[in-house]
Amino acid sequence: MTERAAPSVEVSPFQADGILSGFLVSGRWPASTVEWARFLVLAVRVAAVPGMLPTTTVFSVREERPEQSVPGTVGLILAEGPVVGENAVQPGRFASTQPPGLLVLHPPTEIRPSLPELDEVATGCVLLPGLPHLGLDHRAAWVEADQHGNVSSMVSRAGVDPQTDADTAVLAMFLAA
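Counting along the sequence shown from 1, when you hit position 88 you're at 88 in full-length UniProt numbering, and nothing is skipped either side.
What the hints contain is simulated information worked out from the structure, not anything from laboratory work.
All values reported here derive from a predicted model rather than from experimental measurement.
For every residue, glycine included, the Cβ atom is placed at its ideal position computed from N, Cα and C.
Be aware that one or more of the hints could be misleading.
Stated by the list, open to error - For each label pair, taking beta carbons as the anchor points, the in silico distance ranges come out as:
1. Q68 - L115: 25 to 33 angstroms
2. S152 - A176: 26 to 34 angstroms
3. W29 - A95: 30 to 38 angstroms
4. P66 - T164: 29 to 37 angstroms
5. D119 - G92: 34 to 42 angstroms
6. D161 - G92: 18 to 26 angstroms
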């Protein structure tokens, strides 16, 4: 008896007016923190393309499918808005219906590379909120990459205290406030 392979996670970025608006997820959702980190690598590489992401932006994981989706679509990861500024995401926006994950992507114009040999990088963080009082830890991943696809940093962790990192603290604030 042969073991059947699980469907792969397929991700397609989409844009509106040349600006990254989100990602269509097909096949299945990432099943582990490592798989979410792999997704984040793709998202950060897209954000590193000059002009694709004008400012630091929050994205939410949504398990609903668009009305006219392609077969196999499992959901969307949608741009919710910038972290600061006129149309900024407000604290507590996700408090009533908590998404399974939140991301923040920083474009190259707002980040200093961690390695001197890199010119411009984008970074990102995904926070997968848990229920620590029930033994389900918060999980997170962080990625830094340039427009050529070079990944200079990739970290994933379970048991994350959101207050120990600026990105996870901001994402946790959007969930809890």
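Distance restraint hint 18 to 26 angstroms, applied to the beta-carbon atoms of D161 and G92: With a Cβ separation near 20 angstroms, D161 and G92 satisfy 18 to 26 angstroms, so the hint holds.
A176 and S152 - C-beta distance against the hinted 26 to 34 angstroms: holds, 31 angstroms
Supplied distance hint 29 to 37 angstroms, evaluated on CB atoms of P66 and T164: Because 36 angstroms falls inside the window, the suggested range holds.
Q68 paired with L115, Cβ distance criterion 25 to 33 angstroms: violated, 42 angstroms
Consistency of beta-carbon spacing, A95 to W29, with hint 30 to 38 angstroms: violated, 22 angstroms
Range agreement (Cβ of G92 with Cβ of D119, hint 34 to 42 angstroms): Distance hint for D119, G92 holds at roughly 38 angstroms.
In this structure, the earlier hints numbered 1, 3 are contradicted, and the remaining ones agree with it.
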